[in-house]
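Trainee: Protein sequence lines correspond, in order, to chains G and L. Per the numbering used here: the first sequence = residues 1 to 113. Per the numbering used here: the second sequence = residues 114 to 226.
Quick caveat, the hints were computed from the structure, so don't treat them as lab data. Just so you know, these numbers come straight off a predicted model, no measurement behind them. We put the CB at the ideal spot given by N, CA and C, even for glycine. Hints may contain errors.
With beta-carbon atoms standing in for the labels, derived distance ranges [to be verified]:
id, chain 1, residue 1, chain 2, residue 2, range
1, L, D175, G, K69, 18 to 28 Å
2, G, K3, L, K166, 33 to 43 Å
3, G, G104, L, T224, 17 to 27 Å
4, G, Q42, L, G176, 37 to 47 Å
5, L, G116, G, K52, 26 to 36 Å
6, L, G129, G, P113, 45 to 55 Å
7, G, I63, L, T226, 40 to 50 Å
8, L, T130, G, I63, 45 to 55 Å
9, G, S41, L, G129, 24 to 34 Å
10, G, G104, L, V208, 20 to 30 Å
11, G, G29, L, K183, 37 to 47 Å
12, L, K124, G, Q42, 10 to 20 Å
13, L, P219, G, M59, 15 to 25 Å
14, L, P219, G, P76, 39 to 49 Å
With a straight-line Cα cutoff of 30 Å, these simulated BS3-like cross-link-like pairs (lysine-lysine) come out [to be verified]:
id, chain 1, residue 1, chain 2, residue 2
15, L, K170, G, K100
16, G, K3, G, K69
17, G, K3, L, K170
18, L, K166, G, K100
19, G, K52, G, K100
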Amino acid sequence: DAKTTQPTSMDCAEGRAANLPCNHSTISGNEYVYWYRQIHSQGPQYIIHGLKNNETNEMASLIITEDRKSSTLILPHATLRDTAVYYCIVRVVRSSNTGKLIFGQGTTLQVKP
Amino acid sequence: DAGITQSPRHKVTETGTPVTLRCHQTENHRYMYWYRQDPGHGLRLIHYSYGVKDTDKGEVSDGYSVSRSKTEDFLLTLESATSSQTSVYFCATSVQGVSYEQYFGPGTRLTVT
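Please put together the full structure from these sequences, using the hints given.
Mentor: And the structure:
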């Protein structure tokens, strides 16, 4: 599985877009990019995932570069409740999967008033 | 979110005593997972289950055993608790292993004195 690199921490002003980068330069063609977040003292929460195309759901947008070596998670209008640790995970998705997630250290996003 | 509960939510126990943590889900998800979370280590997979009576080891399985006699319940047992097992334990489920979209429980904080 490809290794991911994320900044340790980031700040964002409330109401502004939060752009969280992830580098996965060794990603292979059949690996998906997943994003999770963990708000303090809670269990992790799935946000979004993608393979090649940009994806959007009610929580966030995922922008994957054309060479797939990096991606950006975008929270369009960050609120104080979005303060959390954000994890970028790259995994192969196939029928024999056991679904084991491997979490790195993630990015601590602090949304400030 | 899948209805996932964990019990107990908090527990303090003494070194050498057996401890069992319970994860219960109401969504009929096939896959279930136990993770532990420690400062500086992030989330690490302990054991997982891909069906009733079907379990396998994760990356930090030493000192832990699991059982799954029903789809809805996944038990994690520390046969003889040690101080190094002081941690926050999270249970997760997924509909199928093919997807890495997992739903996490609220966690159990275990302290071994």
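Trainee: Each hint should be assessed against the structure and marked as holding or not.
Mentor: Hints, one by one, checked against the model:
Between L:D175 and G:K69 the C-beta distance comes to about 36 Å, which lies outside the given range of 18 to 28 Å. The supplied range of 33 to 43 Å is met by G:K3 and L:K166, whose beta-carbon atoms lie about 34 Å from each other. Hint check: G:G104 to L:T224, Cβ distance near 26 Å, so the stated range 17 to 27 Å holds. A hinted range of 37 to 47 Å is violated for the C-beta pair G:Q42 and L:G176, which are about 26 Å apart.
Between L:G116 and G:K52, the C-beta spacing of about 33 Å keeps the proposed range 26 to 36 Å intact. The supplied range of 45 to 55 Å is met by L:G129 and G:P113, whose beta-carbon atoms lie about 48 Å from each other. Between G:I63 and L:T226 the beta carbons are some 48 Å apart, a value that agrees with the proposed interval 40 to 50 Å. Between L:T130 and G:I63 the beta carbons are some 50 Å apart, a value that agrees with the proposed interval 45 to 55 Å.
Checked against the given bound of 24 to 34 Å, the beta carbons of G:S41 and L:G129, roughly 28 Å apart, stay inside it. A hinted range of 20 to 30 Å holds for the C-beta pair G:G104 and L:V208, which are about 24 Å apart. Range check, G:G29 to L:K183: Cβ separation about 39 Å, and the 37 to 47 Å hint holds. Distance hint check for L:K124 and G:Q42: the Cβ-Cβ separation is about 18 Å, which falls inside the suggested range of 10 to 20 Å.
Roughly 19 Å separates the CB atoms of L:P219 and G:M59, a value that falls within the hinted 15 to 25 Å. Remark: the range hint 39 to 49 Å for L:P219 to G:P76 is contradicted by a beta-carbon distance near 28 Å. Only pairs whose Cα atoms come within 30 Å are accepted, and L:K170 paired with G:K100 is accepted, the gap being roughly 10 Å. With a CA separation close to 11 Å, the supplied pair G:K3 and G:K69 stays within the 30 Å bound.
With a CA separation close to 22 Å, the supplied pair G:K3 and L:K170 stays within the 30 Å bound. With a C-alpha separation of about 18 Å, the suggested pair L:K166 and G:K100 falls inside the 30 Å cut-off, and the hint holds. Taking the CA atoms of G:K52 and G:K100, the gap is about 21 Å. The hint holds against a cut of 30 Å.
In this structure, the earlier hints numbered 1, 4, 14 are contradicted, and the remaining ones agree with it.
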